[in-house]
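Protein chains in written order, with the numbering used here: chain A, 1 to 316; chain B, 317 to 631.
Worth flagging that the hints you see were computed from the coordinates, not collected in a lab. Keep in mind that a hint or two might mislead.
[What the hints assert, rightly or not] Now the in silico label distances, taken between C-beta atoms and shown as ranges: (1) N519(B) to R311(A): 48 to 58 Å; (2) N519(B) to R216(A): 17 to 27 Å; (3) V81(A) to P527(B): 43 to 53 Å; (4) Y256(A) to I338(B): 42 to 52 Å; (5) R127(A) to R343(B): 40 to 50 Å; (6) L362(B) to A61(A): 14 to 24 Å; (7) P523(B) to F23(A): 33 to 43 Å; (8) A467(B) to R35(A): 46 to 56 Å; (9) G207(A) to L362(B): 44 to 54 Å; (10) W518(B) to A18(A): 14 to 24 Å.
[As the list claims (entries may be wrong)] Chain B stretches covered by chain A per the calculated footprint, using a threshold of three residues with CB under 8 Å from any CB of chain A: (11) 392-402; (12) 434-447.
Backbone N, C-alpha and C define an ideal beta-carbon position, used for all residues, glycine too.
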Amino acid sequence: MTFTDNPGSEGFGRSALAVSPQFLRRRRLVGLLMRAVLFAMALVSVLVTAGIVYVLISESAKFFAHVSIVDFLTDTEWTPVFENPRFGIVTLVSGTFVSSLIALLVAVPLGTILAIYISEFAQPRLREIVKPCLELLAGVPTVAFGYFALLFLTPIFRQFIPGLSGFNLLVPGIVMGIMILPYIVSVSEDAMSAVPASLREGAYALGFTRLQTAVRVVIPGAFSGVTAAFILGMSRAVGETMVVAIAAGQQAKIAYNPLEGAATITAYIVQISLGDLPHGSIAYLTIFAAGLTLFLMTLAFNVVAFWLRRRYREVY
Amino acid sequence: MTGAAPQSAAASRLPAIDEMKIVRRGRRLDVQFAVLGLFALTLSMLVLLSLILDMAADGLARIDLQFLTSFPSRRPEEAGILSAWVGTTLVMITTAVLAIPLGVGAGIYLEEYAPRNFLTSVIEINVTNLAGVPSIIYGLLALGLFVQVFALGETIFVAGLTLALLILPIVIVATREAIRSVPLEIREAAFGVGADRWQVAWNFILPMARPGILTGAIVGMSRAIGETAPVITIGALTFIAFLPPPPVQAEFPFVNFDWLNSPFTVMPIQMFNWVSRPQAGFHVNAAATGLILLVMTLLMNGVAIWLRYRIRSRR
């Protein structure tokens, strides 16, 4: 800071410090400028959302100029590069949902148990070890999980499950379940620790055991937050790309059998991106229509979860 | 607690309740659940461990100087990740230079400047929502906007920018948390000696929040380094047998930014490409690449965890 001697002030001599008007002017200018710059930086995130919405809608509009939305939603075949192209998004959505539901089947029980364990049972010291371990699990690159699903787990599973294809939805689903586990644990544990200690103490005073307290007091108290964790986990699984792109195969069809491979929305986008379709062709535009579908699905999940999480914050 | 009370004649006629039995049962269930919890924990850690060990078993022997200094090739034993790791390094530099200032600036604005109004809550909800947008959607954004509309091409700059936007929410949230943990007294003392808002933020808040911000930045970068889907969607090539122009040169300005406009590949894409091939030789290469990626991301996360631990224990 540039405090300068003020030659005009008499009586105090050189010891008096005052701020020059030039300094104040410059400081006000810098302050205003920085406020504007920082505001612009905060606005970038809004621009990103606007950009996403603009790209998805404008490119999908080009696609829907050629393909009717009704066909898109009701057709049961997805063959965009065939001579007689069909565009039934149901196929890709079914693959997405089957793999995500398998992921939830793995992650919901494991995640709930782990969250209860961490928030109600574990000693603080153990907690200090467990949480970083889960963070490490969350940090693994998804492409590495894909490798693991295709080349390690699938061969093992095939020995026990006859009829399991080399590419299938089961193994990627399970691996995605492990991937979203840290996230589900952290969100639901967050909700559980938001339950006031007084409720727990009341339960203990009535003679509840830890497990009874957890099941009858903490979980009901944190119910909306725990549900939000599951929904956010679902949203993650739906948007997960590399595991399914590597290990679930690329065949677009109605996925009713998890033992067989099927393309998901994300895997399809990757497949087309790697191919050499000309930009702007109808087949190429499908990735934006598929992307819009994916975006709307995850947005719906996120909005519901946001609303649920806000609810438990209001209660306590 | 009724059966054992000898004073009450009515109570003694009720069937006797063995409290010890109930207590023992409750204890047993507690222990059983604790074991179940430890089992769930062990299971998830086992997955992580077997993933690391599997990749090490398949790929560790493949990592040598030749692997690090060769371009991809049709023959797996001659192939290497030179263009991939150079590409990853340059993309990461671009991402860090864009995402960290942007995220920190936005975080400072939201914590220190933002008035409580509609626009601020729009920005806040938007950041929360962006964190939940699948990464491949960012790839479509980059493809539709940066590649097709702005015609920037499938370059290192576009990839770095895309990944920067992807990790922006992580950096913003970490910055806000770090700033919020700075004691109010610091702010009041600084205002008290006459600092204005920007001086308080720049000279007092930011230095104290630095470790927390650093943690967020590292976690964000480790996320970006392993991201594959958005970079594929941009249209990054999988077979690159040349290096981008070097960023430093012997002649006058000594730095050269041509590399920003160069085509590229990155390690996750190289790995994905090799996994997708049928030959086992390429799978070994994929495992080796994956192992390097894994070690890098685990190290980065480890540093972030350690930093966070130090911040907390200092308080």
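So, going through the hints one by one against the coordinates:
Range check, N519(B) to R311(A): Cβ separation about 40 Å, and the 48 to 58 Å hint is violated. Roughly 52 Å separates the CB atoms of N519(B) and R216(A), a value that falls outside the hinted 17 to 27 Å. For the pair V81(A) and P527(B), the beta carbons lie near 52 Å from each other, so the given range of 43 to 53 Å is met. In this structure, Y256(A) and I338(B) meet the distance hint of 42 to 52 Å, their C-beta atoms being roughly 48 Å apart.
For R127(A) and R343(B), the hinted distance range of 40 to 50 Å is not satisfied, since their beta carbons lie about 22 Å from each other. Restraint check, L362(B) to A61(A): a C-beta distance of roughly 48 Å breaks the suggested window 14 to 24 Å. The hinted window of 33 to 43 Å between P523(B) and F23(A) is violated, with their beta carbons roughly 22 Å apart. Look at A467(B) against R35(A): about 34 Å separates their beta carbons, and that is not inside 46 to 56 Å.
Take G207(A) and L362(B): their Cβ atoms lie about 37 Å apart, and the range 44 to 54 Å is violated. Distance hint check for W518(B) and A18(A): the Cβ-Cβ separation is about 23 Å, which falls inside the suggested range of 14 to 24 Å. Interface restraint, the region 392-402 of chain B with chain A: violated (0 residues with C-beta to C-beta distance below 8 Å; minimum three). Counting residues of the region 434-447 of chain B whose beta carbon lies closer than 8 Å to any beta carbon of chain A gives 8, which meets the minimum of three for the stated coverage.
In this structure, the hints that do not hold are numbers 1, 2, 5, 6, 7, 8, 9 and 11, in rising order.
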